[in-house]
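*Asks:* Residue numbers (the UniProt record's numbering), protein chains in the order written: chain G, 1 to 504; chain W, 1 to 323.
These are computed hints drawn from the structure, not numbers from a lab. Only a predicted model underlies this, so the values are computations on that prediction, with no experimental measurement involved. Backbone N, C-alpha and C fix where the C-beta goes; we use that ideal spot for every residue, glycine too. Hints are not guaranteed to be accurate.
[Claimed, not checked] Lysine-lysine pairs mimicking DSS-like chemistry, simulated, CA-CA at most 25 Å apart:
{"hint": "1", "chain 1": "G", "residue 1": "K279", "chain 2": "G", "residue 2": "K321"}
{"hint": "2", "chain 1": "G", "residue 1": "K340", "chain 2": "W", "residue 2": "K214"}
{"hint": "3", "chain 1": "G", "residue 1": "K325", "chain 2": "G", "residue 2": "K279"}
{"hint": "4", "chain 1": "G", "residue 1": "K364", "chain 2": "W", "residue 2": "K214"}
{"hint": "5", "chain 1": "W", "residue 1": "K214", "chain 2": "W", "residue 2": "K126"}
{"hint": "6", "chain 1": "G", "residue 1": "K382", "chain 2": "G", "residue 2": "K340"}
{"hint": "7", "chain 1": "G", "residue 1": "K340", "chain 2": "G", "residue 2": "K325"}
{"hint": "8", "chain 1": "G", "residue 1": "K321", "chain 2": "W", "residue 2": "K126"}
{"hint": "9", "chain 1": "G", "residue 1": "K325", "chain 2": "W", "residue 2": "K214"}
{"hint": "10", "chain 1": "G", "residue 1": "K68", "chain 2": "G", "residue 2": "K50"}
{"hint": "11", "chain 1": "G", "residue 1": "K340", "chain 2": "W", "residue 2": "K126"}
{"hint": "12", "chain 1": "G", "residue 1": "K321", "chain 2": "W", "residue 2": "K214"}
{"hint": "13", "chain 1": "G", "residue 1": "K325", "chain 2": "W", "residue 2": "K126"}
{"hint": "14", "chain 1": "G", "residue 1": "K364", "chain 2": "G", "residue 2": "K325"}
[As the list claims (entries may be wrong)] Not the full set, but computed from the structure, chain W residues with beta-carbon under 7 Å of chain G:
{"hint": "15", "residue": "R189"}
{"hint": "16", "residue": "T190"}
{"hint": "17", "residue": "V191"}
{"hint": "18", "residue": "R194"}
{"hint": "19", "residue": "A198"}
{"hint": "20", "residue": "G201"}
{"hint": "21", "residue": "N202"}
{"hint": "22", "residue": "E204"}
{"hint": "23", "residue": "A205"}
{"hint": "24", "residue": "L208"}
{"hint": "25", "residue": "S209"}
{"hint": "26", "residue": "G210"}
{"hint": "27", "residue": "G268"}
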Amino acid sequence: MTQQPLLTLQNVSKVFGPVTVINDVTVSVYPGRVQVLLGENGAGKSTLIKMMAGVYQPDSGHIVVDGKTVTLPNTRAAEAVGIATIHQELNLVPTMSIAENVMLGRMPTRHGLVDRRALRQQARAALALIGLDIDVDVLVGDLGIARQQLVEIAKALSINARILILDEPTAALTRHETENLFAVMADLRQRGVGMLFISHHLDEIAEVGDTVTVLRDGEFIGEVPASTSEDELVKLMVGRGIEDQFPRLSENLGQAAEVLTVDNLTSAGSFRDISFTIKAGEVLGIAGLVGAGRTELIRAIAGADRYTSGTVAVRGQILPKGSIKAAIAAGIGHVPEDRKGQGLVLDASVNNNLGYATLASTAKLGMVDFAGQRSRASAVAKRLRIRMHTIDQPIGALSGGNQQKAVFGRWIIAASTVLLLDEPTRGVDVGAKVEIYELMNTITAAGGAILMVSSELPEILGMSDRILVMRDGRLAGELSSAEATQDAVMTLAARDVDETHEQR
Amino acid sequence: MSTTTLPTPRRGLDYKKFLANNGALVGLVVLCLALFIATPDFLTGPNLLNIGIQVSTVAVLAFGMTFVIVAGGIDLSVGSVAALSAMSSGWMFASAGLPGWLALVGGLVVGALAGVINGLANAYGKLPSFIATLAMLSVARGLTLVISDGRPIKTAPEVSFLGGNLGPVPMPIVILVIAALAASFLLNRTVIGRSMYAVGGNAEAARLSGLPVKRILVTVFALAGLFAALAGLLLAGRLDSAQPQAAAGYELDAIAAVVIGGASLSGGLGRISGTLVGALVLVVIRNGLNLLNVTSFWQQVVIGLVIALAVGIDVLRRKTRNS
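Same shape as in the complex, but just chain G:
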């Protein structure tokens, strides 16, 4: 590597109060190369990229751009030297058009008024940089996540970004959308853009990356080629080997009773004629593209949304439509897709968050059973190894994995026997992922039934006993765990689906 890096963080450290979050780390981004930043949640990745983006300043060490030491006192300074960050939470205004978003802050004007023609033209030119040809008058909020991301990348490039920091861009994308993104990245690589890529999907690293910088607890662990095996990467990242990424222990289902029976469930506009059953001890995975109706199906079963026709029954007892209360009483627990938006009250304590589902059922004369609640929550937190300072800490301060365990914990306290999991490990690091999988094993070993929707194919393949594939609101097929492969699933999920459907 004789080429001069575009950007180097040289021996940087960062301290917050008594905690050293980054200790003497060096990482470089080279033109036309993809540098992968790998580490568990809390390893210091976000702090590091915030230093690159001018949000934080290193306490020691320095930042070198094009061979010259610079200071980046704010995000503007970082933009000025060509560094752009594509965050997980996109910085777009959903109620404005694509053109307005791309040109936000630098609207072309004529006589002090917005020049709409120039606006569209320049926005189109920006989108053309990554070969994106869409109507620039469409509202950003009407686009899928994948396209929004591309719009943001185009926006960054059009303000002359040479260094792109991609913070978990694939977390919310389907396999196909991810491939689109990778094609754009390959194109940018050709044009000499340097990229820093963060992802929890180990299989993506070899596909898109060149070199990998591994962090653990804020320390630089090593730099390895992207072709390094996944097992080796995990070992570097976690500091120990993880035997098995998907430790599914299937139960013998021969005599098992049917627990959840979904019959001809239809919700106009979302899904149609969905029928399946899950037995005690079984994990049923639902694969499909984003927009295939998987989340809508899970929400309907959980009672969160009403449906048009069909029935949901737990142990033969038919549940009323759209009643979360009845679903919970029948033993259903729902771990929603969006942990922060739908799963947790972030400012409330771990204790409270664990207790919401049982707040009313454990009360005496309308008064909260504080002591009982606390002891139940403590026991579950201990059992699930939720890492926290105290049980009264706001749950928003915990890592993604620990937050997710708390959502599970709520249903364990409620003694739920049918768990509906929607993207159960999104934004969760490898170590915590395995803990969640082991928890799924424990639940099924105790006779529970699990319905899992996931966009991560390896997870679906690795953890399901049986897989249903949804396409465009219908069941496209069923695969046993033995016959399921990525290709088999994708063929069912994507057949006949045209581009426009897929992006929604």
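Given the coordinates of chain G, work out where chain W should sit on it, guided by the hints.
*Replies:* Just chain W now, with coordinates in the frame of chain G:
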């Protein structure tokens, strides 16, 4: 970013933390000390009782408002609902000839009903609480004028009793204490109270956990209406009559008291004790400025600045705590 080291647990009372969490209380104490030094009229029995009576109306309104704000909403109608309740009670007694105690209860029922309508419009009609209660602000005041034809109505002796004395202690102060205890119990101890925090913090998460969010919202507004009615009757009791323009603009005092008391307008946060302190801050400032002969014009300026200051400090405090 998760931290890797645990902070060492501290022993004894953590003064710093106490000060940070009770900024309004500290402000109130400082304020009282300053007034004690500035004027001999402040720390006198009659003046303190006067403050107590003044604060009772604001605080009782603000307790109801606390439920709403904790649950993530706002209630602009409490002043009008207070007036409507008192006026209805007066009408029931003077025109409909109901027994006094029944007229009193009737007034409370009217307030709660107005609240239920707010709640239904918000939870089931999907109107933002700001809009639903803005409408009720106008409707309730209008009905008050319709019932009274714009003139005061004499209220029942039972209502006047609320404005009188219990031995040496003015009844409004007794009612204030009871209302504070009841509201605090409701918010801290009961399922419905704890649910309000969850709804205000994240309504969708609360719903998916099986909490009856809509019913909770209706209850919250009903309570705000009930407390508003109580405040309206307290006001009427002091004057032995219901006034058509009573409590106009009091909703803003109530909101200010809740916010000074440390609640967050985005919901999920707030305490009855904080609200009581917030109400005291407002009333003591007014009282002090009166004693110091500051004109009511300037009082408004000062009150406005205090609200901005209190909330500004609170925002700063939260920012430093979170980073």
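*Asks:* Report the numbers of all earlier hints that the structure fails to satisfy, in ascending order.
*Replies:* none
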